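So you can see what is in the structure, the chains are spelled out below.
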Amino acid sequence: MSESLNFHFTPVDEARPDEENVHAKASTDVTDVIKAIQEQFPGAVTEVVVYAGEHTVFIAGEVFLQVCTALKEELGFTYLVDLAGVDRFREDAPRYEVYYCFVNLKAGKRLRIKVRVEEDDAVLPSITGLFKAADWNERECFDMLGIRFEGHPDLRRMYMPEDFAYHPQRKEFPLLGIPGSLPLPPRTPEGELTMDPFAAAHSGSPAKSYEEPAEHDED
Amino acid sequence: MPVNTSYRDQENIFSFWPRHNETILKRLESKDAWLSTRRGIEISRVKDALEHEMTLNIGPQHPATHGVLRCMVKLDGERIEKCVLDIGYLHRGIEKLAESKTYQEFMPYTDRMDYLAPYANNVAWCMAVEKLANIEVPERAQWIRMIMCELARISSHLLWLGVGLMDAGAVSVFLWTFQGREDLYNIFDEVSGARFTVSHSRIGGLATDLSAKAIDMIRDFATRYEEIIRGWQKLLNRNRIWIDRNRDVGTVSADEAIALGLTGPNLRGSGVPYDIRTFEPYLKYDEVDFIIPLREEGDCLARYHIRVEEMLESIKIIHQCLDRLPDGPIRADDAKKAYPSKNEVYYSMEGMIHDFMYTETGVAPPKGAVAYHAIESPKGELGFYLESDGTGCPWRARINAPSFTNLQGLESMMEGHPVADIVVLIGSIDPVMGEADK
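Line order of the protein sequences matches chains V and Z.
Just so we're aligned: the first sequence equals residues 1 to 219 in the working numbering.
Just so we're aligned: the second sequence equals residues 1001 to 1438 in the working numbering.
No wet-lab data here; the hints were simulated from the structure.
Every value quoted in this text rests on a predicted model; they were computed, and no experiment measured them.
Any given hint could turn out to be false.
Derived DMTMM-like pairs (lysine to aspartate or glutamate); straight-line CA-CA distance at most 20 Å [what the hints assert, rightly or not]: (1) K132(V) x E1411(Z); (2) K106(V) x E1296(Z); (3) K1336(Z) x E19(V); (4) K1342(Z) x D1355(Z); (5) K1031(Z) x E1411(Z); (6) K1026(Z) x D154(V); (7) K72(V) x D29(V); (8) K171(V) x E1095(Z); (9) K106(V) x D1355(Z); (10) K1031(Z) x E1256(Z); (11) K1031(Z) x E150(V); (12) K72(V) x E62(V); (13) K1026(Z) x E162(V); (14) K1336(Z) x E1350(Z); (15) K109(V) x D1286(Z); (16) K1316(Z) x E1411(Z); (17) K1336(Z) x D1323(Z); (18) K1367(Z) x E91(V); (19) K106(V) x D29(V); (20) K1367(Z) x E162(V); (21) K1367(Z) x D92(V); (22) K1031(Z) x D154(V); (23) K1336(Z) x D13(V); (24) K1026(Z) x D163(V); (25) K1213(Z) x D1323(Z); (26) K72(V) x D1255(Z); (27) K106(V) x E162(V); (28) K1336(Z) x D154(V); (29) K1101(Z) x E172(V); (30) K132(V) x D1255(Z); (31) K114(V) x E91(V); (32) K1096(Z) x D29(V); (33) K171(V) x E1296(Z); (34) K72(V) x E1256(Z).
Computed footprint of chain V on chain Z, listed as stretches where at least three residues anywhere in the stretch have a Cβ under 8 Å from a Cβ of chain V [stated by the list, open to error]: (35) 1083-1091; (36) 1124-1133; (37) 1362-1373.
Where is the CB? At the ideal position from N, CA and C, for every residue including glycine.
One chain only, chain V, in its complex shape:
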């Protein structure tokens, strides 16, 4: 049988941009802003996806920093709300994308920008010079997905310790972690470092948190 059975529930419907969403907000309608970006930077906007009344504006990586500068200084998007990376994995290259959520406090607008990043050369210009708030978010993005931000003053890992060698939010990273990648304190005073906290799941035996009493011979 060449065709494998697929038990996953796969609905046929694609996301429709024209569908009316009951939760859509007026603040996410940013057609004017997109037009302003397109006028100032022809070719910068590669794609605009609409869903649930929200525009996702894809910006070409080369002009990204200029667009951000214009957003902050001319278009009033002074407040950076969120920044995070997405692993696209199953889609066509480029593999990663980083999404930025800006807010214009005066006009009451929320804008989402996305930039795609190649897997081999996962580098983006850092926007910490423009938005101080991007600092930790960029660190988190680097920690979780391994995307480097050029010009970031302090690109350390955010959550994981520096000694950790992987980027855990990449899709290929196993959910139970990699044994030995993150040593934890010993379970007993004289014990070894705990290399695998989920030993049972990796068909090993979990470390005991107590010393076994010595066996008595019955004579």
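Use these hints to put chain Z onto chain V, whose structure you have.
Just chain Z now, kept in the frame of chain V:
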């Protein structure tokens, strides 16, 4: 998989993550104190002849750090010159976990994020999924969600007030606010069956309706506590010690607050009227009458005033919600989008199948759908950014946690203050590490 054995060679077996500490110290040395340099506070570059300089590690286990927050501070005498915060000690990777859970399955995890206001997190998650899958929620459920969200806000602010005062040296208020939290726990218990991690909201509505007893309890709480909170205001608003500990501590101007990305009461304490309840009204917030407390001083005292006033506004909202609570269903009546009622599940075959299907796959938003939905949680803007690949599990679930954003600002705010202000500052920012560490 390669096993990292380099640690075994270490002399001291307890020295795990040696590089981690090194990099923090290196960062502390090389750091440019942003807020201090902006204000022209000079950091001494001269050789420390009197040996006043000290690098101090506060936390991660310290009662005043509100969880597992680690502050590496460089002191000049008693003044903090530079500060580096290290978080991640409570990192459970729930964004990663979400990718292998159905949307409904993930909801209990949100309880464990901001564990001081779990209901607000439940609602935030459910509303994000509802936006992604375009699910309409019945009126009654929306009003109940609003009541419970505001109770969660009061619950969170009560803890902040009690613990904040305890940090400043006044223990009795802690006991009073915990009495308040105890009353709230009893309400949550009556509503959802759990005191702490409620998990009561469901995608498309709620798990259960409010009982008559629960409504009485909420009304009683709202009536009693308005008086009690005003009593605390009388005690604290003109209290010499409390004002001296808080005034002009951690001052952030409006521009700086925006640049640092502060959110919630911390942002409004600096005079920026950004509150999701009015910025992007969700639920029924555009139909009730309340004000957003705003202060312009930007110091700890302003943040204190804002939070206490917010509690009073919450009580106002709860009263209005109770008066206007309509009758009707509490969950969307569409088996593809929300759980069927227990009556259907127990007494009809279709109901049981739907219940099984909903647990097994749950709601499956269309492929390529993306949505960001934020609510004003007690700590600030709590947003979920979701991407769907057409299956029952999110392809990417991003949590925009307010505590994370606020802690980033705290790192700059601490610089230039005496060590003794650290505890007051951490308290006034009101971080919850469960949320910041994700």
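Hint by hint, here is what the structure shows:
1. K132(V) x E1411(Z): With a Cα-Cα distance of about 12 Å, the restraint between K132(V) and E1411(Z) holds, given a limit of 20 Å.
2. K106(V) x E1296(Z): 17 Å, holds
3. K1336(Z) x E19(V): Within the cut-off at roughly 18 Å; holds.
4. K1342(Z) x D1355(Z): Distance of about 9 Å is within 20 Å: holds.
5. K1031(Z) x E1411(Z): Roughly 11 Å between the alpha carbons, so the hint for K1031(Z) and E1411(Z) holds.
6. K1026(Z) x D154(V): Given pair K1026(Z), D154(V) holds - Cα atoms ~10 Å apart, limit 20 Å.
7. K72(V) x D29(V): The hint holds at about 18 Å.
8. K171(V) x E1095(Z): Roughly 12 Å separates the two Cα atoms, so the pair holds.
9. K106(V) x D1355(Z): 46 Å, violated
10. K1031(Z) x E1256(Z): Between K1031(Z) and E1256(Z) the Cα gap is close to 18 Å, so the pair holds against 20 Å.
11. K1031(Z) x E150(V): 17 Å, holds
12. K72(V) x E62(V): 18 Å, holds
13. K1026(Z) x E162(V): With Cα atoms ~12 Å apart, K1026(Z) and E162(V) stay inside 20 Å; holds.
14. K1336(Z) x E1350(Z): The given pair, whose Cα atoms are some 12 Å apart, holds under the 20 Å limit.
15. K109(V) x D1286(Z): Distance of about 17 Å is within 20 Å: holds.
16. K1316(Z) x E1411(Z): 35 Å, violated
17. K1336(Z) x D1323(Z): Not OK: K1336(Z) and D1323(Z) at ~32 Å, beyond 20 Å, violated.
18. K1367(Z) x E91(V): 12 Å, holds
19. K106(V) x D29(V): Holds, at about 15 Å.
20. K1367(Z) x E162(V): 36 Å, violated
21. K1367(Z) x D92(V): Distance ~15 Å between K1367(Z) and D92(V) Cα, so the pair holds.
22. K1031(Z) x D154(V): Since the Cα atoms of K1031(Z) and D154(V) sit roughly 9 Å apart, the hinted pair holds (cutoff 20 Å).
23. K1336(Z) x D13(V): Holds, at roughly 14 Å.
24. K1026(Z) x D163(V): At roughly 15 Å apart (the allowed maximum being 20 Å), D163(V) and K1026(Z) satisfy the hint.
25. K1213(Z) x D1323(Z): 15 Å, holds
26. K72(V) x D1255(Z): Answer holds: K72(V) to D1255(Z) is near 13 Å, not above 20 Å.
27. K106(V) x E162(V): 40 Å, violated
28. K1336(Z) x D154(V): 47 Å, violated
29. K1101(Z) x E172(V): Answer holds: K1101(Z) to E172(V) is near 17 Å, not above 20 Å.
30. K132(V) x D1255(Z): 11 Å, holds
31. K114(V) x E91(V): Within the cut-off at roughly 15 Å; holds.
32. K1096(Z) x D29(V): Violated, at about 30 Å.
33. K171(V) x E1296(Z): 45 Å, violated
34. K72(V) x E1256(Z): 14 Å, holds
35. 1083-1091: That given contact holds, which follows from 3 residues of the region 1083-1091 of chain Z lying within Cβ reach (below 8 Å) of chain V.
36. 1124-1133: Coverage by chain V holds for the region 1124-1133 of chain Z (4 residues, Cβ < 8 Å).
37. 1362-1373: Check passed, 10 qualifying residues.
Checked against the numbered hints given earlier, this structure breaks hints 9, 16, 17, 20, 27, 28, 32 and 33; the rest are met.
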